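Student: Sequence:
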Amino acid sequence: MKATSRDVSDPLRTPLLDSTASLLTKGYGWLPDLRRRAGNAPAVPVRILGRRGVALHGKEAVDFFYDERHVRRHDALPGPVLDTLFGRGAVHTLDGGPHRGRKALFLTLLKDPERIASLVEHARRAWDRAEADWQDRERVVLFDEAARVLTAAVHEWAGVPLPTGEEETAARDLVAMVDGFAAVGPRHVRARRARRRQERRLAPLIEELRYAGAPSGQATVAQAVAAHTDANGRQLDPHTGAVELLNVLRPTVAVAWFVTFAAHALHRWPEHRALLAADERYARGFAQEVRRFYPFAPFTGGLAAADTRWGGVPIEKGSLVLLDLYGHDHDPDLWPEPYAFDPTRFTRPGATIGRDDLVPQGGGDPAAGHRCPGEDITLALLASLVPRLARLPHDVPDEQDLSIPLHRVPTLPRSGYVMERVRLASPVAG
85 MKATSRDVSD PLRTPLLDST ASLLTKGYGW LPDLRRRAGN APAVPVRILG
135 RRGVALHGKE AVDFFYDERH VRRHDALPGP VLDTLFGRGA VHTLDGGPHR
185 GRKALFLTLL KDPERIASLV EHARRAWDRA EADWQDRERV VLFDEAARVL
235 TAAVHEWAGV PLPTGEEETA ARDLVAMVDG FAAVGPRHVR ARRARRRQER
285 RLAPLIEELR YAGAPSGQAT VAQAVAAHTD ANGRQLDPHT GAVELLNVLR
335 PTVAVAWFVT FAAHALHRWP EHRALLAADE RYARGFAQEV RRFYPFAPFT
385 GGLAAADTRW GGVPIEKGSL VLLDLYGHDH DPDLWPEPYA FDPTRFTRPG
435 ATIGRDDLVP QGGGDPAAGH RCPGEDITLA LLASLVPRLA RLPHDVPDEQ
485 DLSIPLHRVP TLPRSGYVME RVRLASPVAG
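Each residue of the sequence shown is one higher than the one before, counting from 85 in our numbering.
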């Protein structure tokens with residue numbers, strides 16, 4: 085069929101051709117490219133996996149998307165995503181009261197300052213142990229090592245036993261769940277197998293913790309998940325309990341992506357090393373800029389709860405609604421010179437970042453909507469580990485491939501950031 089200008093000039097027209105193949109080919113560039121061809125419209129009709137929908141962009145779109153009167157999550161996530169990334173029956177699949185009740189569990193566990201500080205301390209100790217080991221090895225791949233560090237730390241912190249010898253398998257599986265959710269072929273198969281393996285590992289632990297009764301002190305994460313009840317007083321079944329426990333373990337290990345991106349930034353712009361060593365506030369700003377600058381989630385999605393319109397485009401009840409995340413975090417109207425890496429966006433005097441200005445892990449109110457409740461943990465871990473990385477003497481071999489392919493979701497420097505001849509680091513305060 086001959087292409088015509090009508091495909092671009094008429095923003096109300098739903099594409100006749102399915103864009104799934106284009107999405108898989110272009111990855112992070114798919115939605116920004118679609119918007120460019122539609123004149124950067126705030127709403128663009130799409131057709132994905134045979135379903136009609138609309139992709140939204142902008143701060144006002146964030147409010148619209150996270151309003152349950154407009155967009156719901158129940159039945160929105162495709163099976164391949166549930167069977168890899170989130171798990172069947174996860175909090176991400178709920179709406180209304182059931183979602184808020186389940187979400188309250190995560191808010192209690194993941195936004196408490198004392199719990200966050202405890203997890204950071206576990207991560208510091210695990211990093212220091214790993215760093216000592218790296219000095220005895222000719223080369224290490226930072227992404228793999230960071231995943232192991234975070235796996236050890238989050239298991240200790242969450243009260244999940246990890247017998248000697250199983251750390252490698254757990255780290256590999258938790259990474260695979262994230263790495264394969266948006267893929268086809270072997271990566272996706274590995275992700276499915278990893279999820280099944282880890283759910284089988286954790287479901288008996290949920291039952292065991294229930295039989296043990298209430299803890300004498302503050303409940304661990306695993307104990308809290310095992311004891312959680314819904315509005316009707318029903319406990320989660322062991323499988324769902326395992327799913328939700330993984331929804332604490334897996335995102336924490338996914339911080340390995342940001343740690344590796346931080347190393348990439350330090351390699352490209354080494355002038356940040358001294359600033360990170362001297363200023364704790366700069367470390368937090370650097371962490372925020374890593375989250376903004378580097379590609380993580382391209383978009384998030386739901387289903388229209390009712391017939392409505394947005395940006396002049398009609399949205400039919402039950403159709404797909406996508407919210408542009410990567411494009412939002414690189415929008416020049418929100419972020420001047422968006423493709424310049426500049427942590428001072430977050431540290432300069434008077435810098436204020438609105439709730440929905442930065443949305444790498446979703447937008448809206450985490451207490452009321454589907455925004456990730458673990459952002460505080462992500463920031464705290466990065467602000468602690470990145471200065472350690474900045475102080476770590478190592479060589480970066482020229483032959484490795486540090487390019488970041490935007491067609492791959494989630495992406496990463498191709499080599500995982502190889503470090504050679506790691507030496508003794510200078511001391512880190514705190």
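By construction, these hints were calculated from the structure, which means they are not laboratory data.
Computed from a predicted model, the values in this text were never measured in an experiment.
Be aware that one or more of the hints could be misleading.
[As the list claims (entries may be wrong)] Result set (DSSO-like, lysine-lysine): computed pairs, CA atoms no more than 30 Å apart in a straight line:
| hint | residue 1 | residue 2 |
| --- | --- | --- |
| 1 | K187 | K143 |
| 2 | K110 | K143 |
| 3 | K143 | K401 |
| 4 | K143 | K195 |
| 5 | K401 | K195 |
| 6 | K401 | K110 |
Student: Are the hints correct? Go through all of them and say.
Tutor: Results of checking the hints against the structure:
{"no.": "1", "hint": "K187 / K143", "result": "holds (23 Å)"}
{"no.": "2", "hint": "K110 / K143", "result": "holds (24 Å)"}
{"no.": "3", "hint": "K143 / K401", "result": "holds (22 Å)"}
{"no.": "4", "hint": "K143 / K195", "result": "holds (24 Å)"}
{"no.": "5", "hint": "K401 / K195", "result": "violated (34 Å)"}
{"no.": "6", "hint": "K401 / K110", "result": "holds (28 Å)"}
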